[in-house]
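Engineer: Sequence:
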Amino acid sequence: MKINVNKLSIAMARAGINYSKLSELSHVSRATISYIKNGKSCRPDIVAKIAKALGVDVTEIIEQGEQ
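Numbered by this note's numbering, the letters in the sequence shown go through residues 73 to 139 in order.
FYI, nobody ran anything at the bench for these hints, they're computed from the structure. Just so you know, even glycine gets a beta-carbon here, dropped at the ideal spot from N, CA and C. Hints should not be assumed to be uniformly reliable.
[As the list claims (entries may be wrong)] When the alpha-carbon atoms are kept at most 16 Å apart in a straight line, the in silico EDC-like pairs for lysine to aspartate or glutamate are as follows:
id	residue 1	residue 2
1	K109	E135
2	K112	D129
3	K112	E135
4	K74	D129
[Unchecked claim] Restraint ranges, calculated between C-beta atoms of paired labels, are given here:
id	residue 1	residue 2	range
5	G88	G137	28 to 34 Å
6	Q136	S92	15 to 21 Å
7	H99	V77	26 to 32 Å
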């Protein structure tokens with residue numbers, strides 16, 4: 073799955089957290105967060121962890137058509 077970086081940034085701004093805090097809250101490594109920031113795909117379970125940490129639904133942060 074691919075996370076839309078713009079949507080991710082908006083969700084992070086709303087939650088008031090940075091990438092380091094996102095890594096901590098989601099229990100996803102900083103390296104994986106970095107890959108995502110650079111437009112790489114990731115496993116659905118990683119997307120779910122990130123969405124949960126941000127308090128949003130997965131559909132709010134993934135690329136259109138990734139469902």
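Engineer: Next step is simple, just say for each hint if it's right about the structure.
Structural biologist: These are the hints, each one checked on the structure:
{"no.": "1", "hint": "K109 / E135", "result": "holds (13 Å)"}
{"no.": "2", "hint": "K112 / D129", "result": "violated (20 Å)"}
{"no.": "3", "hint": "K112 / E135", "result": "holds (12 Å)"}
{"no.": "4", "hint": "K74 / D129", "result": "holds (14 Å)"}
{"no.": "5", "hint": "G88 / G137: 28 to 34 Å", "result": "holds (29 Å)"}
{"no.": "6", "hint": "Q136 / S92: 15 to 21 Å", "result": "violated (28 Å)"}
{"no.": "7", "hint": "H99 / V77: 26 to 32 Å", "result": "violated (20 Å)"}
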